[in-house]
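**Q** As given, the protein sequences belong to chains Y and A, one line each in that order.
Using the working numbering, read the first sequence as starting at 1 and increasing by one per residue.
Using the working numbering, read the second sequence as starting at 1 and increasing by one per residue.
A portion of the hints provided could be inaccurate.
Straight line, CA to CA, 20 Å or less: simulated SDA-like cross-link-like pairs of lysine to any residue [said to hold, decoys possible]: (1) A:96 to Y:256; (2) A:261 to A:96; (3) Y:2 to A:62; (4) A:52 to Y:58; (5) A:52 to Y:135; (6) Y:5 to A:271; (7) A:269 to Y:87.
Because the hints were derived from the structure by calculation, they are not lab data.
On a predicted model such as this, the values are computed, not experimentally measured, just so you know.
Number of protein chains: 2
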Amino acid sequence: MKYSKLFPKTLKQAPSGAESINQQLLVRAGFIHQEMAGVYTYLPMGWKVLDKISDIVREEMDKIEGQELVMPALHPADLWKKTGRFTSVDVLFKLKGAGGADLVLGPTHEEIIYPLVAEYVSSYRDLPVYLYQIQVKFRNEPRAKAGLLRGREFLMKDLYSFHTSDDDRNSYYKKVREAYLRIFKRIGLKALETKASGGTFSDLSEEFQVITPSGEDTIFVCLKCGSVFNKEILSDKKCSDCGGSLKQEKAIEVGNIFPLKRSFAETFKLYFTNQSGQQEIVSAGCYGLGISRAMGAIVEVSHDNKGIIWSEAVAPYRVHLVGLDLGDPHVESEAEKLYKLFLVENVEVLFDDRVNVSAGAKFADADLIGIPYRVVISKKTCLTSSRNSGNKLEIKKRSEKETKFLSFEKVLKIVKDSG
Amino acid sequence: MKYSKLFPKTLKQAPSGAESINQQLLVRAGFIHQEMAGVYTYLPMGWKVLDKISDIVREEMDKIEGQELVMPALHPADLWKKTGRFTSVDVLFKLKGAGGADLVLGPTHEEIIYPLVAEYVSSYRDLPVYLYQIQVKFRNEPRAKAGLLRGREFLMKDLYSFHTSDDDRNSYYKKVREAYLRIFKRIGLKALETKASGGTFSDLSEEFQVITPSGEDTIFVCLKCGSVFNKEILSDKKCSDCGGSLKQEKAIEVGNIFPLKRSFAETFKLYFTNQSGQQEIVSAGCYGLGISRAMGAIVEVSHDNKGIIWSEAVAPYRVHLVGLDLGDPHVESEAEKLYKLFLVENVEVLFDDRVNVSAGAKFADADLIGIPYRVVISKKTCLTSSRNSGNKLEIKKRSEKETKFLSFEKVLKIVKDSG
């Protein structure tokens with residue numbers, strides 16, 4: 001993509017009212033645009049990042065046999081009245097449909113998926129079932145000022161699993177936990193498994209928390225054994241695993257996994273016939289992962305005073321090709337050739353092809369946007385028409401200070417290997 | 001995917017109240033589940049179809065330099081009040097946000113994209129811009145009984161283009177029209193370019209209509225020159241291109257493209273500075289394509305009394321592998337091997353691995369689901385452990401009657417070539 005065509009360009013200043021770092025940087029760098037508090041447009045580069053996170057999540061869900069579906073945002077309120085959550089969930093958006101029917105915008109989908117599964121599952125042969133979606137959720141947050149960390153409309157992955165027994169559910173729960181650890185590692189987030197309050201199954205309820213001063217959650221990390229606890233489940237401030245002392249941290253919850261209460265299955269009559277012909281209740285688990293929140297969390301933990309530093313797996317492009325001295329027709333034509341060489345090699349590249357912009361402004365934009373590799377072509381580093389000419393390009397990693405001068409072939413090897 | 005694991009299984013009967021063919025077949029075959037009138041869950045196979053349609057649309061939008069973004073469903077009502085559409089659009093879902101603010105669920109996105117583009121575009125150098133999204137839309141339809149043809153919540157692609165002049169917009173409009181023709185051809189829909197009322201630019205406003213008795217639109221096709229007209233723009237019932245006589249047809253509108261009125265740019269102050277330093281108004285076009293409606297339309301025009309007949313590009317799987325006599329351990333092991341051979345060859349395959357189900361029931365399910373190629377392995381057609389054994393498999397195209405007996409290599413060639 002040529003920067004001259006990219007929509008939109010970077011902004012010199014963060015908009016007024018942007019309090020959080022992720023909002024400031026993502027808005028300035030042209031990844032998101034705020035439509036109202038907690039509601040954003042994902043601009044082309046922002047959507048690319050979300051799409052890459054989603055694809056990684058999808059791959060890991062498919063590995064544990066999850067089947068992807070998509071449930072609607074509009075829910076009949078009757079289902080929420082049945083579970084009592086029409087009144088107990090205070091952030092529910094409520095509206096009226098044609099004919100005056102009460103509707104709800106889904107902040108989660110138990111009220112939809114239980115009746116759905118109950119309609120198709122009747123025998124032990126129909127179980128287990130693992131269903132997930134990557135879909136837009138709605139929460140009428142009174143306060144939504146933390147950029148992508150607390151939205152009124154946000155992208156989430158929610159997986160639901162249904163089983164013939166708690167044992168089977170618990171063993172699947174462990175697979176999901178492993179999948180989550182793989183996902184967070186792949187997208188570049190150091191997420192800590194944190195014991196959380198899970199109602200009746202407190203040994204199987206975990207949050208995935210990313211430590212950062214901007215986090216809204218408080219967690220405690222044991223300095224001795226490394227166990228991590230959400231403050232809700234600590235009665236005194238000692239590690240309940242080893243008795244060690246705890247360090248308090250602020251953190252962002254990017255995922256949570258927990259068994260679902262039996263009351264959902266009871267309410268929606270989700271029973272199955274076991275091998276002996278008897279009716280039993282279905283066990284279930286719920287596994288959430290905030291896709292857009294994870295994007296915000298990455299920016300919170302991975303930036304410097306110049307801008308964002310994307311991890312390679314989720315960066316919108318792999319190479320930010322900066323063309324300097326493009327007023328010189330020779331340099332311009334060589335830069336154009338280099339851009340096409342990257343494309344031929346299937347390297348995702350953003351080419352800053354602007355002519356009347358200073359080197360300083362171009363470097364500042366590259367640092368702000370945060371693409372992993374910056375490659376500079378200029379009079380000084382200009383290739384002479386052949387990829388094997390021996391001329392050197394300037395390459396720098398966004399996360400490092402060092403600049404190297406290397407041939408195109410070596411540059412290519414570096415940017416490709418790192419994937 | 002093994003059918004024994006697929007969620008959900010087919011249903012013997014269409015649910016009561018399903019009036020349209022697409023709803024009856026898609027629900028019975030396990031592609032969609034109705035949550036309320038006009039609101040559906042896309043079940044795993046249904047989501048695969050939508051995803052394939054979306055990917056084709058995306059490819060064609062990218063070819064004409066469209067940049068993908070995603071705008072939110074929640075809109076501040078103020079923007080809709082500015083254009084007057086808060087009261088003039090009768091199918092608008094309205095709701096209250098935190099603090100009592102009026103909100104709207106977007107049925108289209110002019111009210112969001114104009115202010116967005118106005119914020120970033122100020123010079124002729126910033127134009128043209130082509131932005132599209134594949135995103136969920138909401139319409140509070142009083143009547144929503146036609147399955148995926150008229151939904152309250154539905155998936156749509158909307159592209160918006162912004163230009164320095166009407167001429168530039170008109171030439172892009174023609175590129176979009178070509179892209180639409182490619183899309184409909186690729187997904188297997190015979191969509192007719194239909195002249196429609198487009199306000200001030202009636203020569204540049206077209207709908208893409210698929211003729212079928214279940215269509216809600218009425219169009220007229222000229223028997224002499226082939227021109228197609230929406231009934232709205234015909235004063236008498238003669239072809240306005242050649243004077244020929246017209247045939248009336250029912251049709252489904254799967255896309256529409258039209259220039260946008262200047263009043264949007266005026267309302268949202270979308271001006272640019274031209275090369276002479278003067279302010280001019282931005283020209284724009286809007287190009288819609290109903291993704292979920294296209295899925296419904298495909299079923300309406302491509303089915304028989306046994307079930308759906310998917311076009312190859314959008315089918316959830318390419319091969320429906322039916323295993324018969326699976327109680328026989330030899331056949332079972334050969335069927336399992338064959339399934340894996342298809343997977344190794346990257347052929348998307350649904351394997352009916354059920355043991356205690358009759359051949360008749362399996363064939364009926366295959367016909368209902370509508371995957372392009374049915375391959376049968378049974379005692380009679382069983383491979384003997386090698387892919388080159390010379391034994392023959394039974395293969396049949398869903399759209400044809402003829403059954404052939406061919407080696408695995410020949411079967412593979414057929415199902416791969418067809419892509």
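**Q** Against the earlier hints, flag every one the structure doesn't satisfy and list their numbers going up.
**A** Numbers 1, 2 and 7 - these are the hints that the structure violates, sorted from lowest upward.
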